[in-house]
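Asker: Residue numbers (this note's numbering), protein chains in the order written: chain A, 1 to 306; chain B, 1 to 379.
Worth flagging that the hints you see were computed from the coordinates, not collected in a lab.
Hints are supplied without guarantee of correctness; some may be wrong.
Calculated lysine to aspartate or glutamate pairs in the EDC-like style (CA-CA distance at most 20 Å, straight line) [stated by the list, open to error]:
#	chain 1	residue 1	chain 2	residue 2
1	B	70	A	270
2	B	84	B	59
3	B	169	A	270
4	B	367	B	349
5	B	26	B	85
6	B	54	B	327
7	B	367	B	269
8	B	360	B	281
9	B	70	A	109
10	B	253	A	222
11	B	190	A	222
12	B	86	B	313
13	B	367	B	153
14	B	26	B	315
15	B	314	B	88
To give a feel for the contact side, a few chain B residues facing chain A, derived at Cβ under 8 Å [to be verified]:
#	residue
16	164
17	166
18	194
19	201
20	221
21	222
22	250
Source: prediction; values computed, not measured.
Backbone N, C-alpha and C fix where the C-beta goes; we use that ideal spot for every residue, glycine too.
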Amino acid sequence: MGAILFLEQCLNGLQLGIMLFLMAAGLTLIFGVMGLINLAHGSLYMIGAFACAAVASWTGSFTLGLVASVVVAAAAGALIEIGVMRRLYQREHLDQVLATFALILISSEAMRWLFGSYPLYLDVPEIFYGAINLFGVLQYSRYRLFIIVLGLLTAVGIYLLINKTRIGMRIRAGAADRQMTAALGINISLIFTLVFALGAALAGFAGALVGSIQSVDIGMGEPVLILAFVVVVIGGIGSIRGALVGAIIVGMVDTLGRGYLPQLLQLILDPVFANTLGAALASIAIYLLMIIILIFKPQGLFPAHG
Amino acid sequence: MKKQLITSMLSAALCLAPQVEASPVKVGMITTLSGGGSGLGVDVRDGFMLAVNKANNSDLEVIIEDDGRKPSLAVQIADKMIQKDKVDILTGIIWSNLAMAVVPSSVNQGILYLSPNAGPSALAGKGCNKNYFNVAWQNDNLHEAMGSYANGEEHQNSFILAPNYPAGKDALTGYKRFYQGQLAGELYTKLGQTDYAAEIAQIRASGADSVFFFLPGGMGISFMKQYSQAGMTIPLMGPAFSFDQGILQAVGKSALGVRNSSQWNKDIDNAANKTFVADFESAYGRLPSLYASQGYDTANLILSAMQSSDINDKDAFRAAIRSAQFDSVRGNFRFGNNQHPIQDIYVREVVMQGDVLTNKIIGVALKDHQDAYAADCAL
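Bound conformation, chain B alone (with noise of 0.2 Å):
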């Protein structure tokens, strides 16, 4: 079990605004740092602590845990940080199963939990909480906007596939709630699975213009590959997790010209991005991924309510968040009414840039987007 313990170093000097009476904030971080999908959780991490090792404000204490991507041992960090720790916010969780485990007994207890990865549709309608943000997207959302993207190209007959879970239905169910032309064919694959001829014979036989997949992690790489090796060239869509700067190397220029959504990207035009991509490039010595936003965004977030309010008065700090007055990567950046974000997806391209495969915008699907589920929250 590796456990650290990282405390922003006190530094008077940098203190500009007084403040009142702060109190200090301890933020328990639960994420996947072993075994497989790690990347995930790592660059969450290190994105996150980027902006807590900027702020450099010695109010904010980080705790990290990894969970190994098993919901049991998450629960069990959180009920140690809750209460041995004494965290006022939990945050890391990169699965939706995880997150489930985890969340709703947490934020039940007044913990605070903002979420930088997972956005399950359970905890977006009647289950949203007012304890309970996401910081990162709800779980539809790019799924939506690739089904828009897919009329804006009059794809007229696509096929689409994702692997038979509770994610990969909401990823079928998000592209089908957009798309408006004909379905070649709807398939769900075993989750994990790691060979897909049969699934690529049958989109070739198929007669399909277009082909939507969702497929995180290694079982996208393996697609992919495979697709491109068997001379597929139908168009490819999905969205970012295939095609994300951790992963996209070990897929290699089988990814090349695939058109994929995400809320964020390194070439999005503002000061705010540009310091993160710079920064983050000279911290780690890579470039960042979708996943490092979104876990730089979270501790932003919580940098800025802590500028304005203090932790003890949980209505006010709860509000100071609600109110997202941080600059966020992704530019235009607020909350719903169910506390999940409102904002642009992005239309990207897989291009080669020296050497490095990397992601392009090349335009927008869904401007200030809401999730499909904000109706049926209570908040």
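The following block holds chain A by itself, in its conformation from the complex (with noise of 0.2 Å):
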């Protein structure tokens, strides 16, 4: 019994952890290539999930739903971009997070006036119900294993999209080097409205995901964009294959920290200080390794620019 329910908590820390990689993957992406924080992505998971649900509801089809949040939460962030980030790109951080923050607060008012001040309905088709049986002994969810998969695709579909394609290359040049990129003739402007738009479309994806398992809510956003940004700084800002490292690991270690970390403690001390102490643990384990693995690693887990 007790292999088999730590066998099933790895796999809920592997499913946080693909989950934080499509929210950290936008913003390490947008941050590594155009040097901007953008504290307004939690927004756009936000608006993803209300996309999926009101499209879901309407239609009767999540799959809908799901295309749905990836198309409205892109547009908006296209529209973000041209309207407020291209005059921010030559401003210092501190103008960019100023900015961001407002969107968060516009954007989630604007939702309370389109979508009333209730928690949205967003269920999983009926087929996702239940459990499905891994390796004869462990009942998993079904659901949760589609987000692994689903989420590892996507992980593959932008590996490719940034190192095997002619867009990616481009995309990897205006990190490089913003100027000597534009001074050859590649349309610069337009391939940082594409970036955003990709990072706000992983961002609306992610949370018409998880926004089926959890409550399509005003602020829903800004709890994982904290996660998001303890992701980004593990793994190495800019770097998508540190954010697929630093999500997994941060997963992992935030779902067997709740898991295990009571239950280990009661080991050398009193039951109930114990539980008190491993939950208050469990709760900053992440924020702990963020500062241990920054002590070793400055730059992260893998520094992007070298």
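Two independent chains are provided; combine them into the complex using the hints.
Answerer: Have a look at this one:
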């Protein structure tokens, strides 16, 4: 029983990590390529979830909802890039933080006007209900397995896009030297809009996938945004590979910490105290991890630019 | 910042009973109308204003402001309402941490505070105050009711969980105060946590025969959806907050059949409640929630005190509030010595009526229940 539970918790950790990766990939891409700190990334996650919930309830199709989440979030991202961000590339990070913080407030209130103050309904399709039998011993939630598979496919897709295509090459060139790339006749502002929309689409997709097992609510993006920043910092700012590894580490540490820290502490401490201390430690475990990694690797695990 | 000023219209024709020199009463409502959790504040406001508009009493003036769920903002608004607007009564706060920031200093300045929701234990025991009334419940009450209900259902091995913050600890303490069986596990989760896979795996492995959880707002929605999607069938129990009319639709069929405790439900059989439910639906086009019922009761309590006493005679007005001479939508309602309710707490079951998820009362968990802190109150 213990080994099976451990395996299940590892899968849960992997699934949380994959979700964090979808968030962190967009964040790290935008920072790596444009040098922009985007606090509104969590709002794009929320917009994706709301779009999915709305379309799924109008049409009755979860698949259409997922498509809508990607399209709407990408459109919102492009709009934000053209309308606001473009004016901020030359400014200091503080200006960017202030502007994107304003965007959080604006999009939260916009969602409230459009959809009201109550959480929206969004459920996974019937076929993903219940558990699937893995390796003959483990009952695991079908939907979470679906998220793991879909997330890994997305990770492969992003890798291929960035490393194997012409557009990816231009994105990398833009990240390395913006002016030189522009001098070579490449429309760099179009590239930036595309990257921002791509990051937004990933966040919206994550929002829709997670929204169906959580609550589609105003302000749902902010807690995830904080975790995504931890992932980006651990993985190395601007590195997609770092984001993937960082996300899985954070997902594992968080899940296993919640599952096992209180029990482990009970071996050496009074149970009531161990429970309280364990719960407190589990909730700060990933931040402790971040501190330790930064002590030994100040640039993160996979520094993007050497 | 949204600011609304609503004054009841003068209508001499409706003034049936000649009143004795009634002074106008100014009520300041501080509640959460924007951002996360605003559904609760909107419901309290709508319930409160429904009663105010119906009474059509020109002596009652209500000022409403949005606290955005921020303690610092709530304190600023309270100061402004007391010093500039010269309110007589404050009400409206949803969250215990905001209440703790506003209530003690307000009541010490001689302002009456009537809580339509939050009931932190710190204000119920030694910290009780003659100017503080709670019209909803003391925070522990609904959890205590669920503990008592679990005994009746012969649950022997409950797994209990709540967020790691003061109200979460009160919740599990409240449950354990009445529950007599063993605990299969006791977990404190992170406040604002949205993924419960690790906790659900532990519950599955624990051999529990029942699960009690207090996870207000989005946390509860997330937990219930994931619990049901994981194919879990161990019976769930919780306080009304996660099964409220406002969020049930977001949980969906995952909530069907879950037992929860509440001091109110729309099917409580009394005339006041029937009128309330019908009027609320026709005024706002949705079913009322427990928060709306609390707002409605609070307004009616103030209106009842205005009938029999003058706000400028603070002692008489307090006595009138304390006597609770109003038709509560809950039926039986009276104040204990600490000015918190003594009331019945029901067990409800989530059912589907037409295509709307809602609650149905299936029994009384605790009759004439008073909170555990009343004895420590010197009033």
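Asker: Kindly indicate which numbered hints from before are broken by the structure, ordering the numbers from low to high.
Answerer: As far as the earlier hints go, 1, 10, 17 are violated by this structure, in ascending order.
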